[in-house]
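Asks: Those sequence lines, one after another, are chains A and B. If you read the first sequence in my numbering, its first letter stands for residue 26, the second for the next number, and so on. If you read the second sequence in my numbering, its first letter stands for residue 26, the second for the next number, and so on.
Any given hint might turn out to be false.
Any copy, or any two copies together, can satisfy a pair, since identical chains are not distinguished.
Said to hold, decoys possible - Think about it this way: if two alpha-carbon atoms lie no more than 25 Å apart in a straight line, the pair counts; the simulated SDA-like pairs of lysine to any residue are:
1. Lys49 - Thr127
2. Lys79 - Gly204
3. Lys49 - Tyr126
4. Lys102 - Arg28
5. Lys49 - Gly65
6. Lys49 - His61
7. Lys49 - Ala78
8. Lys79 - Tyr181
9. Lys79 - Gln41
10. Lys102 - Leu156
11. Lys102 - Leu202
12. Lys79 - Arg28
13. Lys102 - Arg160
14. Lys49 - Asp152
15. Lys102 - Tyr126
16. Lys49 - Lys79
No lab work stands behind these hints: they were computed from the structure. Just so it is clear, the structure is predicted and the values come from calculations on it, not from any experiment.
Protein chains: 2
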Amino acid sequence: MIRVSPLIDRLVEALQMLPGVGPKWATRMALNVLQHNRGGGSALATALADAVAKVTRCAQCRMLCEAEVCAICANPKRDERLLCVVESPVDVIAIEQAGSYTGRYFVLHGRLSPIDGIGPAQLGLDDIAGLARERGIDEVILATNPTVEGEATAHYISEALAGAPARLTRIAHGVPLGGELEYIDGGTIVHALQGRRSV
Amino acid sequence: MIRVSPLIDRLVEALQMLPGVGPKWATRMALNVLQHNRGGGSALATALADAVAKVTRCAQCRMLCEAEVCAICANPKRDERLLCVVESPVDVIAIEQAGSYTGRYFVLHGRLSPIDGIGPAQLGLDDIAGLARERGIDEVILATNPTVEGEATAHYISEALAGAPARLTRIAHGVPLGGELEYIDGGTIVHALQGRRSV
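Using the sequences and the accompanying hints, generate a full structural model.
Replies: Structural data, given as structure tokens:
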């Protein structure tokens with residue numbers, strides 16, 4: 026890296042903590058802001074400092090938000106008898122963008138990974154069974170990712186909920202829309218065949 | 026866009042002023058920082074606020090820096106009789122990274138573009154002739170980009186320096202290293218042929 030000036034170097038270094046931003050691009054971003062958009066830069070600095078200081082987790086679903094309870098949990102129109110368990114806040118946004126789900130969420134903020142010291146307590150897994158009983162939840166949808174850890178997490182939750190009255194479901198895995206069988210991996214095809222439905 | 030919470034929405038919006046960052050990626054960045062790297066987020070907010078508040082232009086070469094004179098102009102080892110004129114601070118960094126240039130720079134911060142109200146005064150073009158005389162500069166290297174505006178800017182400078190004792194040169198345009206003739210545009214090939222040298 027070429028050193029420009031201490032403050033600019035520090036900014037370039039700090040920008041690299043953003044996911045997907047390397048040294049070259051960080052330099053471009055820093056110089057672009059300082060040359061053309063100082064107002065935007067100030068606004069970003071303030072927005073970032075405020076969010077870091079004030080955003081916590083929703084007391085009910087553990088989604089990131091600055092209020093006691095997030096907008097989804099506070100919305101009386103959402104079906105509170107439907108609980109979708111996801112690994113992270115971005116998953117909530119992905120499902121919300123799809124636009125068909127009307128229930129609530131539970132955000133694990135991770136997946137079971139004993140090697141990294143992430144056990145059921147860190148993920149709040151034991152709260153789910155309690156929630157299922159308290160709120161009279163009808164259905165818990167396990168929407169963890171179809172990775173080894175995601176499946177292990179889903180499996181753990183299903184065991185923890187074994188005695189609860191809630192129905193337990195797992196999102197379908199199969200060929201994505203627009204996907205071509207030719208380019209789909211074998212594991213996905215196995216799932217697509219196993220999950221076939223009559224038409 | 027899915028609304029998450031006012032503070033997070035404001036952060037996602039603010040991140041989009043960074044070049045090349047769209048709504049989807051801004052969301053990913055914001056949630057990633059809030060979930061996994063709040064320390065980095067705070068550091069970035071501070072670095073950005075400091076840089077926006079304190080970075081100005083070098084009094085001699087107009088490069089971005091927070092000191093009165095930038096590190097390159099302040100370096101007594103740099104040849105002050107060689108002046109390279111570039112459009113923007115990223116060009117200085119590109120040339121420094123190449124590592125072979127030992128002279129000084131003059132940063133225009135743009136290029137002649139009357140339609141956008143950018144004339145010779147905004148680019149400090151008239152200072153170059155003065156500099157060339159004052160400092161006893163031997164050679165002015167025109168390294169503006171080979172675009173219509175970049176060429177016009179180079180042409181204007183060459184006319185402004187017509188009476189000055191400094192030699193005036195333009196960086197070479199031709200086939201880039203690793204480039205294949207097959208994929209190079211015609212204009213570049215014309216330049217490469219015109220600029221041929223005996224071997």
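Asks: Looking back at the numbered hints, which does the structure fail to meet, lowest number first?
Replies: Violated hints (numbers, rising): 2, 8, 11 and 14; every other hint is consistent with the structure.
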